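Chains A and B are the protein sequences, given in the same order. The opening residue of the first sequence carries number 299 in my numbering; numbering runs sequentially from there. The opening residue of the second sequence carries number 19 in my numbering; numbering runs sequentially from there.
Hints listed in this document are in silico derivations from the structure and should not be mistaken for laboratory results. Please note that the accuracy of each hint is not assured.
Once the Cα atoms are required to be at most 27 Å apart in a straight line, the calculated DSS-like pairs of lysine-lysine come out as [unchecked claim]:
hint	chain 1	residue 1	chain 2	residue 2
1	B	Lys-86	A	Lys-363
2	B	Lys-89	A	Lys-305
3	B	Lys-86	A	Lys-305
4	B	Lys-119	A	Lys-363
5	B	Lys-89	B	Lys-75
6	B	Lys-86	B	Lys-55
7	B	Lys-55	B	Lys-119
8	B	Lys-119	A	Lys-305
If you're wondering where the values come from, they're calculated on a predicted model, not measured in any experiment.
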Amino acid sequence: SAVISQKPSRDICQRGTSLTIQCQVDSQVTMMFWYRQQPGQSLTLIATANQGSEATYESGFVIDKFPISRPNLTFSTLTVSNMSPEDSSIYLCSVGAGSSTDTQYFGPGTRLTVL
Amino acid sequence: GENVEQHPSTLSVQEGDSAVIKCTYSDSASNYFPWYKQELGKRPQLIIDIRSNVGEKKDQRIAVTLNKTAKHFSLHITETQPEDSAVYFCAAEVNSGGYQKVTFGTGTKLQVIP
């Protein structure tokens, strides 16, 4: 399985500011995914980041709010823009890895609190 | 799009008993069904998976069954131990635009009582 790291691990931010979350993988992967997990809830896919092309966003998520970069095959960033308390959540990146790449492996997550 | 339902939302069992978690999915094109365990404050970790061409898979105390006709799959944990306490998520994957898109169930909080 891939080794995935995220920075920061947690942050407390003020309303109206933006936070950029970094995701680093120890091997080259084609697809990287960004999820949101609200307290006590399941995982919701925000977008899929493919190197060299625009990210694909799921219904309910827009690029202006969650811009994503994917500059190479081992790195991606997710920015949470113009934050409000409703954005307080855990944000996780994942990659498809393993022999079939069907299996997704998750980073440790970034716990975001917006005051 | 895919819809995955998961039951029960909470489950308490005595140590040594079995636990069963059930999921249904809506998209008949789904072809891969992983199960994840998430301990408090940790990332989801894959514990077992099954593909659409297989009906059952077992790994020590954990087994998963799949009924493609009925579009449901289940996780079975036997001889439960306190360290099995966690939130379990089922998921269904379907190929969408060249990649596997994952839809997660709502989660089951399992408590194993010593």
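Do the hints match the structure? See the list:
no.	hint	in the structure
1	B/Lys-86 with A/Lys-363	violated, 38 Å
2	B/Lys-89 with A/Lys-305	violated, 38 Å
3	B/Lys-86 with A/Lys-305	violated, 40 Å
4	B/Lys-119 with A/Lys-363	holds, 22 Å
5	B/Lys-89 with B/Lys-75	holds, 16 Å
6	B/Lys-86 with B/Lys-55	holds, 23 Å
7	B/Lys-55 with B/Lys-119	holds, 19 Å
8	B/Lys-119 with A/Lys-305	holds, 25 Å
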